[in-house]
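Trainee: What follows is the residue order along each chain.
Number of protein chains: 4
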Amino acid sequence: MGINAPLNRKLRMALVGGGAGSFIGRVHSIAACLDNRAVLTAGALSSNPERSKASAADYGIADSRAYGSYEAMLDAESKLPEDERIDFVSIATPNHLHFEVARAAVEAGFNVVCDKPMTFDLAQAESLLETVKNSDVVFAVTHNYTGYPLVRQAREMILGGELGEINAIRTQYIQGWLRTNLEKEDQKQAAWRTDPTKSGAAGAFGDIATHAYNLGRFMTGEMPDTVSCHLKTFVEGRKLDDYGTAVIRYQNGALGTCTASQISHGRENDVEVEIDGTKGSLKWRQENPNEMIFRQNGKPHQIYTRDPNAPHTNAAGAGACRLPAGHPEAFFEAFANVYVAAFDDMAKRAAGESFERVNTVYPNVYDGVEGMYFIQQCVNSSNENAAWLPLKHAAARR
Amino acid sequence: MGINAPLNRKLRMALVGGGAGSFIGRVHSIAACLDNRAVLTAGALSSNPERSKASAADYGIADSRAYGSYEAMLDAESKLPEDERIDFVSIATPNHLHFEVARAAVEAGFNVVCDKPMTFDLAQAESLLETVKNSDVVFAVTHNYTGYPLVRQAREMILGGELGEINAIRTQYIQGWLRTNLEKEDQKQAAWRTDPTKSGAAGAFGDIATHAYNLGRFMTGEMPDTVSCHLKTFVEGRKLDDYGTAVIRYQNGALGTCTASQISHGRENDVEVEIDGTKGSLKWRQENPNEMIFRQNGKPHQIYTRDPNAPHTNAAGAGACRLPAGHPEAFFEAFANVYVAAFDDMAKRAAGESFERVNTVYPNVYDGVEGMYFIQQCVNSSNENAAWLPLKHAAARR
Amino acid sequence: MGINAPLNRKLRMALVGGGAGSFIGRVHSIAACLDNRAVLTAGALSSNPERSKASAADYGIADSRAYGSYEAMLDAESKLPEDERIDFVSIATPNHLHFEVARAAVEAGFNVVCDKPMTFDLAQAESLLETVKNSDVVFAVTHNYTGYPLVRQAREMILGGELGEINAIRTQYIQGWLRTNLEKEDQKQAAWRTDPTKSGAAGAFGDIATHAYNLGRFMTGEMPDTVSCHLKTFVEGRKLDDYGTAVIRYQNGALGTCTASQISHGRENDVEVEIDGTKGSLKWRQENPNEMIFRQNGKPHQIYTRDPNAPHTNAAGAGACRLPAGHPEAFFEAFANVYVAAFDDMAKRAAGESFERVNTVYPNVYDGVEGMYFIQQCVNSSNENAAWLPLKHAAARR
Amino acid sequence: MGINAPLNRKLRMALVGGGAGSFIGRVHSIAACLDNRAVLTAGALSSNPERSKASAADYGIADSRAYGSYEAMLDAESKLPEDERIDFVSIATPNHLHFEVARAAVEAGFNVVCDKPMTFDLAQAESLLETVKNSDVVFAVTHNYTGYPLVRQAREMILGGELGEINAIRTQYIQGWLRTNLEKEDQKQAAWRTDPTKSGAAGAFGDIATHAYNLGRFMTGEMPDTVSCHLKTFVEGRKLDDYGTAVIRYQNGALGTCTASQISHGRENDVEVEIDGTKGSLKWRQENPNEMIFRQNGKPHQIYTRDPNAPHTNAAGAGACRLPAGHPEAFFEAFANVYVAAFDDMAKRAAGESFERVNTVYPNVYDGVEGMYFIQQCVNSSNENAAWLPLKHAAARR
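Quick mapping for you: the protein sequence lines, in order, are chains A, B, C and D.
In terms of the numbering used here, the first sequence opens at residue 127 and continues consecutively.
In terms of the numbering used here, the second sequence opens at residue 127 and continues consecutively.
In terms of the numbering used here, the third sequence opens at residue 127 and continues consecutively.
In terms of the numbering used here, the fourth sequence opens at residue 127 and continues consecutively.
Please note that the accuracy of each hint is not assured.
Same chains, same label: a pair holds when it works inside one copy or across any pair of copies.
[Unchecked claim] Capping the alpha-carbon separation at 25 Å, the derived lysine-lysine pairs in DSS-like fashion look like this: (1) K136 <-> K179; (2) K358 <-> K205; (3) K365 <-> K474; (4) K205 <-> K474; (5) K314 <-> K405; (6) K310 <-> K425; (7) K205 <-> K310; (8) K205 <-> K405; (9) K314 <-> K474; (10) K425 <-> K179; (11) K518 <-> K136; (12) K518 <-> K425; (13) K425 <-> K405; (14) K259 <-> K474; (15) K518 <-> K365; (16) K136 <-> K314; (17) K518 <-> K474; (18) K405 <-> K324; (19) K358 <-> K518.
Everything labelled a hint here was simulated from the structure, so no lab data went into it.
Remember, it's a predicted structure, so these values are computed and weren't measured experimentally.
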């Protein structure tokens, strides 16, 4: 069977953002091409045309396809013959630019893979949702942690009832890199992520708590009801939160907690999820992603490893693996799993076949909206002394 | 140097509670005698005189010192010659009996080691505080986790400024044993701990969240300001909370979280503390108590093991060790550390020397009051939709 | 039921060795008395009568029972009335004194608990075996790691066939404290343990490889056939091995490896055992003793925790626990488990009942002989360029 | 800077082997292309022309470049214009075919990346070494574990003296997948790996012990002197070893141990290395590759994580990272690191620049020879009752 069946050819990728100093641009490029199903073909890597072309060489993009702006790129690519034209646009800019690029790409008929948070604010997200709904494109949002095989394994176990009714969802995302006032030291990543004009209304809660909250939602499918949130800015002079904790009531009665930190010395990227159900409990940590602990009273603690061949590995888990057990897979492979799931739909679209547009395996525009709602309501709750505010957005999907 | 200098003899212990089916009575007896500084001499192990005597044989207590009630014991022991009479009373009954036993023992002039929570409610605790203040006895409360060498090491590091200003205190105490309705199956431990007439106003929050909260307080010395708490009862028909989470604002601006569960499948006794300061962060888990991770940006993660001979081990940590590194110490030894610290003061009292009565190494009646205040305010907050309530009790001590 | 039934009284302990600077003397005293079944009554803590008496106060031994030599002690105690006289002698001297003390104690009719290695050399061990056989005393050797609940659990699982036929036994005992020439710095422990006139023919292999090898033997019951050993002395000027590795062929065809080190920087007391059988495999580490991993192809890795109430915990494992799961037990409790098993037999003997003298739960004189044979054959093999030498001693018992 | 400077274009890859059922073919393809520096252009994926073409579609190889044999491929590619022709050949066939493919490719002037063990036997390896020496090609052997960032960090630390003189090197490679007679169940991987006509003289020792031994050599640079080895076949009817242990004497006096297993239930791919030096010790495990423990007496245990920005990360470690700390990298990225190091030299060669041919960062033909010598001497030693045999091959390089 050929690549990207029924299309049987590689998909052509365009990257927006990702110039010198970018972290996530390179991630998108590696992840998208990891399985040899896509080839990076075009880019608007910088708004400065010269820098855009210079960066293109780093990525192996031909000069002719290195554009000085996303507008120029969309315009030029639209005019290319179908068998040369890009298939999808990956958006790896700072947050405040996501919306305009995504909207333009969708309106031009290109599939989109957009980094998270999806937009700068909720209004943009809701607007983008309408744009996507009115189009026929594939639209993915890179809540990349959902791509880990054991995260997908957990989701399938939970939706299949193996944990029983869900009572508690504890999530944490602990980092330490912003412990000091790095944004004043000309560190590009720190600068835009702590700048409310680029990052949005939240700092840690926009950048990382969204991931943690999303993981709990993805793994359990439980619908949120209300949230109470308390945000803190511990580093002097910083304009956005660098620490915070949210308590979440789910509609089924479950209680959730979500804590995010950027100021915990020495902590790297510690995303943890613990889920308690009436029949079993789970724990997973992103920094050791090839293991998950499943526990049931009266039984030994069971360590599920990423093992595509194990009888206890379900289809969702096994389908996300590239290697046998003991050969660790990690961040890039998980990120790539978001891409390849979207590729399946892009290939169907290109071949004129129908495909699911709401309940996709990969995070999509609905999840993007929900993420923005989470950020907005957490910030609002924190501003109102941790008041309980609604958290269930109309667009939330199981 | 002799045992219990300047007293130079073993201390005589009396145990109240601890008859058949008791867990904590045996713990007190082993912990108190572990270092050969005390000998279990008398007991009122059951309110049933026959059962009391039967249990005494298990403990090696002579029949003549096995009493049918604590009142009878205090009365009889008071009349014994000074060189036979008990020195202290350990209280290991269900919670609702702590107060009356403790008050009577103090009033009879005996030192007391009381299990936690110290009393049934705050009013009793405040009353007992006055009783103790008006006496000259040594009064310890077994927040036993404070006895772990690395917990004491952490406290000394933090009070000495090694972590800088404290920003965040995350604590968890996760168990799973009450996942099912064990209290209906004639399990003695489950029965009283879920019975509001014996356990008090809270379930999980009285039994275990108090420990977790106390650990954060002990390790950092930070004073609480307000609390918002959300309690849940997930097991049908249960009368007390079996899950909950509290958010705590400290007076210095730090943010705390404390989550407790009795319904997490397969989880045993997972007390975890994470503390973030401006200069470093710490993590400690009770289930692996001989390790603590100390992290600082730009340095490798540093695992401090329980090592009395290491240059980085401080006096508080080293003083709590009995064995060199790599020979693990655990629950009993930590529990015993609370006892031996109290013994030091008991020996001074018996020898007529003065001793500290407020800022002791071991948890004392002040901490007992604070624990009861924590329980009351958490329950009240939860009843008021997680409202923010004061958490700083006048008796709180650093 | 009373203590030490059918005897129904505490056993009286005498300690030989254990004066100032001793590590293992204090361990014996705490372990023996931990369960309140023995009371330290007499001691010959030092060969210097004044120091012996001074040390006695530390241990709470009355002056009248503090002796200047073990001979004096055995003599005096033998003449005391039966209800005052000691029941057993614990030997915690340097290795070269074990034999004479043990023989004298046995010949005087006292039970003995002897530290390991049991004697200075094999000839002494074989001689002592005869002495013990000709007596009716209880004789235990403190291969204390056999007392860990999960080690006993493993033994029962393996002997019951749960791992199938045993193919491989990998053991390691890694320390780092003798990395430098500590014996030249007046460190008492280092001094005698590296001195061939006190420690015996081997250094690391006598002090710690014996433990590791014994654990493999204890857990599997497999009989050794031959050994090839390679010893090294890495620290200049040291007279005994501080590193080495042995390969062991077992009679059933299994292959064993045993590596011991005293020169591995930062390593504490890392005893590890991995056992492979045709039906399952096990791994246990002494530094985290409340966990054991049991693995079977096609199943999740199963973590057995020390849990006396779990359905998968067998009688041997549960019987060695004092606390429910999650309340860690450790070194002292394991050491105490060797003692209490011996106490059961001492009580029977004192009550005139019969008791098992070969296949005891606790390590005994047969195991002591086997340990000395292991040391001798490892040293001999190493001296002969790692030649294969017999390892099955006639006294070895399953 | 462009890709593969000074060449500034992607390298064209040909894959030999890797048809349906192959594990390692897919690994080579993903790893080689991960960084967008190579594109898979041609293949001889199967010796059956039809199957070769069918497999080509899976890999996105054009039909015109899908060959029915490696001979046909080398012949046809040699005739293509320079700007179309392949740059290198990756060999992912069963072991017995490596030699002929590699020799032919080298002789045709193509660079080669060959899986390990490099050849079927030592004679082939030595012959191939001469062929490579007489050519000007880049020749890499995928001892892929050397590509892990922390392995390279360790090597640079050790060669720089941070561990002092090396005393001990303990390696293990433990698997369980061949616990049963899988080769009789038509499992392709098991079939050829246990077949002496395809795998070579050794089973576990050829397939995995070579990796473990190579890691110790790579990390320390220490030269071996002699080896004593004991191989076992535990699964009935199997023709090659599935378990074994080797003791290695290094020329500097260090002692090494290397144990490999394919029959340890539930064990996945557990490559562990522990190294003891006079100044420090290291431990690294492949299954958790983003951590390494560095220990020094008197200091806390130091966990080095894969952190390109940490001050304690050296150039070799940092240069092997693609992601900041806490975003785990794993097997593919390590494998890719072997490739990109070879690409640097391929680019130089293509641009007519000189490049190092012996002491390369990536494992090369010299290491391939040494690996074959290790296998041969281990098998011979085992056949001679674990006799000590020479292990230093003349081609061994530091």
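Trainee: Determine which of the earlier numbered hints do not hold for this structure and return their numbers in increasing order.
Mentor: Hints 2, 3, 7, 8, 9, 10, 11, 12, 15, 16, 17, 18 are the ones this structure does not satisfy, whereas the remaining hints hold.
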